[in-house]
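Construct the entire structure; sequences and hints are all you get.
Residue numbers (the working numbering), protein chains in the order written: chain A, 31 to 516; chain B, 16 to 541.
Keep in mind the hints are simulated off the structure, nothing from the lab.
Among these hints, one or two may not hold up.
Unchecked claim - Quick list of in silico lysine-lysine cross-link-like pairs, BS3-like style, CA-CA up to 25 Å:
id: 1; chain 1: B; residue 1: Lys128; chain 2: A; residue 2: Lys473
id: 2; chain 1: A; residue 1: Lys473; chain 2: B; residue 2: Lys130
id: 3; chain 1: B; residue 1: Lys41; chain 2: A; residue 2: Lys473
id: 4; chain 1: A; residue 1: Lys473; chain 2: B; residue 2: Lys85
id: 5; chain 1: A; residue 1: Lys399; chain 2: B; residue 2: Lys47
id: 6; chain 1: A; residue 1: Lys471; chain 2: B; residue 2: Lys220
id: 7; chain 1: A; residue 1: Lys471; chain 2: B; residue 2: Lys130
id: 8; chain 1: B; residue 1: Lys128; chain 2: A; residue 2: Lys399
So the chains spell out like this:
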Amino acid sequence: MYQNLQHILTGTSYIQSEILLTFALVILIFWVSFVKKPISEKQSNQFHLFGLISFLLLITFQWLVPTRIEPSPIFNGLIVFDGSAKYAKMLIFIAGAITCLHLMAFRYKFDGEMIILLLASTLGMCIIVMSTHFLSLIVAMELVSICSYVMVSFEKKRQNLEAGIKYLLFGATTSAIMFYGISLLYGATGTLQFTIPEFSAGLAQNQPMLIGIALLMTLAGLLFKLNAAPFHVWSPDVYQAGPTPIVSFLSVAPKLAALLVLIRMREYIKVDIILIFGILILASILIGNFAALWQNNLKRLLGYSGIAHAGFILIGILVGTESGIHASMFYLSVYVFINMGAFVLADILKSASGSYELDSFSGLSKQFKSAGIIALIIMVALVGLPPTSGFTGKFLVFISAWDVYEQGGNSIFLWIVGFGLINTAISIYYYFKLPYFLFVKNKPEGNDYTIHTSWLQTALLLVLGLSVIYLFFQPQFIQSWINRLF
Amino acid sequence: MEQILLSVLLFLPLASGALILFLPDKLTPNIKWIAVLVAVINLLICLFLYHSFDTQNPDYQFIVQKPWIKLDLGSLGLISIQYLIALDGISMPMVLLSGIVFLAGTISSFGIKEKQKSYYAFVLLLTTSVFGCFLALDFFLFFLFFEFMLLPMYFLIGIWGGEKREYAAMKFIIYTLVGSVLILIVMLALGLSVEDVNLSKELGKTAFTFDFRILADLKNYAAGSFLHPDNTSLLFGWPVRYVMFILLFIGFGIKLPMVPFHTWLPDAHVEAPTAISVVLAGILLKVGGYGFLRIAVYFFPGEAHHFAGLIAIVGVISILYGALNALAQEDLKKLVAYSSVSHMGFVFLGIAALNDQGINGAIFQMFSHGILSSMLFLIAGVIYDRTHNRYIQNYRGLASKMPLFTGAVVVAFFGSLGLPGISGFIGEFFSLLGAFKAPYFSKLIPSLAVLGIVLSAVYLLWTMQKMFFGKFWVNLDKETEMTDLNFREQILLFSLAFLAILFGIFPNLIFEISSMSVQLLTAGFQ
Chain A
31 MYQNLQHILT GTSYIQSEIL LTFALVILIF WVSFVKKPIS EKQSNQFHLF
81 GLISFLLLIT FQWLVPTRIE PSPIFNGLIV FDGSAKYAKM LIFIAGAITC
131 LHLMAFRYKF DGEMIILLLA STLGMCIIVM STHFLSLIVA MELVSICSYV
181 MVSFEKKRQN LEAGIKYLLF GATTSAIMFY GISLLYGATG TLQFTIPEFS
231 AGLAQNQPML IGIALLMTLA GLLFKLNAAP FHVWSPDVYQ AGPTPIVSFL
281 SVAPKLAALL VLIRMREYIK VDIILIFGIL ILASILIGNF AALWQNNLKR
331 LLGYSGIAHA GFILIGILVG TESGIHASMF YLSVYVFINM GAFVLADILK
381 SASGSYELDS FSGLSKQFKS AGIIALIIMV ALVGLPPTSG FTGKFLVFIS
431 AWDVYEQGGN SIFLWIVGFG LINTAISIYY YFKLPYFLFV KNKPEGNDYT
481 IHTSWLQTAL LLVLGLSVIY LFFQPQFIQS WINRLF
Chain B
16 MEQILLSVLL FLPLASGALI LFLPDKLTPN IKWIAVLVAV INLLICLFLY
66 HSFDTQNPDY QFIVQKPWIK LDLGSLGLIS IQYLIALDGI SMPMVLLSGI
116 VFLAGTISSF GIKEKQKSYY AFVLLLTTSV FGCFLALDFF LFFLFFEFML
166 LPMYFLIGIW GGEKREYAAM KFIIYTLVGS VLILIVMLAL GLSVEDVNLS
216 KELGKTAFTF DFRILADLKN YAAGSFLHPD NTSLLFGWPV RYVMFILLFI
266 GFGIKLPMVP FHTWLPDAHV EAPTAISVVL AGILLKVGGY GFLRIAVYFF
316 PGEAHHFAGL IAIVGVISIL YGALNALAQE DLKKLVAYSS VSHMGFVFLG
366 IAALNDQGIN GAIFQMFSHG ILSSMLFLIA GVIYDRTHNR YIQNYRGLAS
416 KMPLFTGAVV VAFFGSLGLP GISGFIGEFF SLLGAFKAPY FSKLIPSLAV
466 LGIVLSAVYL LWTMQKMFFG KFWVNLDKET EMTDLNFREQ ILLFSLAFLA
516 ILFGIFPNLI FEISSMSVQL LTAGFQ
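Put into structure tokens, the structure is as follows:
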């Protein structure tokens with residue numbers, strides 16, 4: 031009894047940031063319940079500021095945790111706190127902070143509940159990145175999912191509700207598939223903890239066919255969070271209809287969480303699912319790219335682009351070597367800045383043209399040069415051309431895949447490198463639609479854009495856009511973190 | 016001194032491009048003078064470098080080497096990317112040509128009246144990336160500049176082009192990007208093959224390098240590494256190094272352009288404004304030829320040897336197919352574009368010979384084509400500026416009304432069809448000479464290429480006869496608009512004509528520079 035208590039107490043010292051997060055959540059819930067509705071713009075801004083301050087506190091707090099961390103399993107192996115968890119949490123908090131800045135910069139008038147949901151889903155992601163046990167994973171994933179469903183349909187407009195329902199139905203189905211897969215795995219291995227040798231030993235003892243199917247079903251939930259094929263169907267609708275800052279958050283943070291679980295699992299899965307997983311990656315890249323070719327709505331286009339990027343990110347996991355995992359992590363880390371920059375950009379452009387449709391931006395760059403240049407930088411980064419960090423990410427991922435192939439690995443790696451690169455060339459067609467409308471198209475006669483940007487909007491856009499270039503020239507900035515923590 | 020100038024060559028256009036973007040609007044009329052000033056300074060630097068270039072030294076000169084980006088690959092080691100620029104006998108003529116062509120391009124841009132700020136900013140950006148390609152001695156750096164060329168070109172064609180500019184710009188960018196993706200695959204494969212031994216010792220872990228000098232020496236490939244010449248593993252049923260060479264061949268071939276990947280070129284040329292056509296034909300195509308020589312032939316000499324016949328055949332097909340297409344064109348600019356395809360074929364033919372004459376000829380051909388094709392596109396521009404119509408059948412007897420113009424046209428046309436005394440002859444002659452001497456492929460191939468020269472005489476002389484001789488007549492009653500060259504056009508065309516004749520009479524001005532480096536390269540093939 032005493033020992034158990036002692037165990038829990040020592041465990042608690044590792045989840046201080048989660049405790050802090052819960053604390054902020056509780057304060058906010060009290061605060062929101064005592065505010066009279068409908069709230070004013072000022073009050074809503076105060077809520078966003080509260081979110082921002084909590085995230086900044088969390089970042090500092092997480093920063094202060096010593097860099098050299100021995101992996102320490104806590105709560106009887108439910109979760110573990112190690113360097114990779116620290117890194118992923120930091121990035122999730124940074125994404126959260128950018129989201130709050132985005133909400134503030136564009137004066138979104140949301141109730142405090144939005145921030146509650148944002149913090150709660152962040153809490154869920156923090157647990158996901160630490161989880162080593164299917165139980166903690168499931169609980170945390172549901173926490174994230176439920177918060178996201180509500181956040182997407184928060185505005186209660188028709189298309190928001192439609193997107194929310196699609197998201198909910200799809201999410202619930204994939205969760206169900208995942209639970210079923212987990213129950214099969216439990217039956218096969220007798221344990222729910224997936225980072226112990228018994229788990230991989232149990233997998234090895236059973237029919238490979240059964241294990242393969244069970245694993246793929248388990249992966250369904252993670253692929254859903256990663257926005258990868260074949261569980262990507264929800265994303266274009268959600269991206270298009272959801273409130274931009276929230277979509278921006280959902281487009282990167284859950285990916286981080288799911289990627290970390292995959293990294294943890296990868297080590298203990300000795301079953302050969304490389305072929306089918308590789309095909310899923312190819313499918314993601316192809317579906318994302320080809321569907322994006324026909325889009326005319328910037329946010330929807332980013333949704334499809336997210337599917338393709340999920341494929342690229344997964345390549346490093348498929349490779350599974352140290353350099354592969356580092357490459358995936360690097361890719362996703364810079365993708366946080368690129369993609370969130372793209373969503374800030376979408377909102378800035380919309381504030382000038384009144385719509386997210388690409389053709390409504392015709393000739394906008396003439397009046398709005400800075401946005402045009404940043405748009406060009408971000409789109410070039412999404413394609414993956416130098417000199418942007420998007421290129422470095424792709425380069426690292428592909429070189430890790432190439433290395434495995436060179437060492438006599440599966441020839442699927444060769445196909446992935448080839449297909450991935452050719453798809454990069456195809457993707458330039460749709461990514462360049464935005465610069466095309468901004469720079470090349472002339473604006474319709476007698477239609478002047480009214481541009482009024484606050485300093486916060488400009489600063490946010492500039493910082494995100496320039497970080498994309500900065501990280502190309504200084505990849506060590508992220509790489510040294512990844513090397514130390516993974 | 017020279018080292019600093021190399022960096023100035025790269026960064027002066029970049030910095031002034033950025034400066035132009037942020038100039039106040041009231042200074043817009045002066046922007047073109049800034050651009051001209053930068054181009055003049057660059058040309059002067061090129062001339063100075065040309066002057067101080069040591070022609071007896073086959074190696075790289077004026078080397079600037081600084082460690083730059085370090086990409087960490089975890090347990091595999093790291094990739095060290097350097098800021099490494101230098102010149103040798105192969106890049107020096109190209110750098111000189113870039114200086115000339117960019118000055119000509121900038122001066123011929125004076126006709127651009129819309130969005131001048133962004134136009135000149137893009138031109139200057141393009142200048143930086145082209146010079147970067149020719150100066151870079153690190154594969155990663157080269158690739159960076161190579162890719163970066165796409166962006167300014169896309170906008171220059173897309174914004175200031177003709178009617179179908181959007182289609183042409185997109186086609187250009189997708190074709191070129193596919194080419195660079197193929198090159199990127201080779202870069203991925205090379206990335207983990209060659210170690211910089213000194214740097215590895217210094218850092219205490221394996222440091223892979225993209226240094227051209229290290230990559231070009233086969234001894235530096237670790238035994239058992241993927242791209243080691245003795246590696247017998249197959250890729251799609253082919254030896255690995257063969258596949259890599261073919262990827263480079265197609266990748267740079269798209270840029271050159273070679274048939275059948277040339278279709279972006281006529282579209283891009285027809286839609287691009289005159290100045291951009293000049294730069295595109297004058298210098299951008301050369302990046303393809305230079306890259307093929309510098310990377311494919313230097314890094315994969317054995318494969319170049321093995322595929323020499325294929326390269327020569329593709330070259331000859333480009334020569335003949337381009338010439339036959341040019342015969343059928345009614346649009347003067349399209350005719351010139353196809354003649355570019357045809358003339359650039361000689362570059363492949365010369366390189367395929369893999370001997371001194373051939374490769375020197377290919378380099379000279381690139382240089383000479385840079386000057387002559389600039390003239391040809393300027394000529395098409397002169398006519399288009401006056402009547403906004405480029406169809407050959409709309410003009411007759413221009414010689415009587417435009418004597419100066421006709422003089423320039425005579426030099427450009429006869430130069431292109433290979434009249435001795437003008438630079439075009441030397442390039443084609445030496446490429447053919449090399450190809451006839453080469454033992455790797457049948458003599459039939461260069462013989463067919465000679466047929467290409469005949470064809471080019473046919474379409475050029477025919478065009479000349481139709482447009483310039485006979486009784487003066489212009490369709491749609493635009494006779495009054497056919498005034499002779501103005502001062503700016505005279506300066507441009509006559510100085511280029513002067514250069515074409517100068518290099519035609521004194522080919523040693525280029526051969527002197529290139530021959531030592533080429534000897535060093537071809538020594539490996541004897």
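These are the hints, each one checked on the structure:
For the hint pairing Lys128(B) with Lys473(A), the CA-to-CA distance comes to about 18 Å; that is within 25 Å, so the pair holds. Pair hint Lys473(A) plus Lys130(B) holds up; C-alpha atoms about 14 Å apart against a cutoff of 25 Å. Between Lys41(B) and Lys473(A), the direct Cα distance comes to roughly 23 Å. Compliance with the 25 Å bound is thereby established for this hinted pair. Using a Cα cut-off of 25 Å, the hinted pair Lys473(A) and Lys85(B) is violated, with the two alpha carbons roughly 44 Å apart.
Our distance criterion of 25 Å between C-alpha atoms is met by Lys399(A) and Lys47(B), whose separation comes to about 20 Å. Distance restraint check for Lys471(A) and Lys220(B): the Cα-Cα separation of roughly 51 Å exceeds the 25 Å cut-off, and the hinted pair is therefore not satisfied. Restraint check for Lys471(A) and Lys130(B): satisfied, since their Cα atoms lie roughly 13 Å apart, inside the 25 Å limit. Restraint check: the Cα-Cα separation between Lys128(B) and Lys399(A) comes to about 19 Å, which is no more than 25 Å; the hinted pair holds.
Of the numbered hints given earlier, the model fails hints 4 and 6; all others are met.
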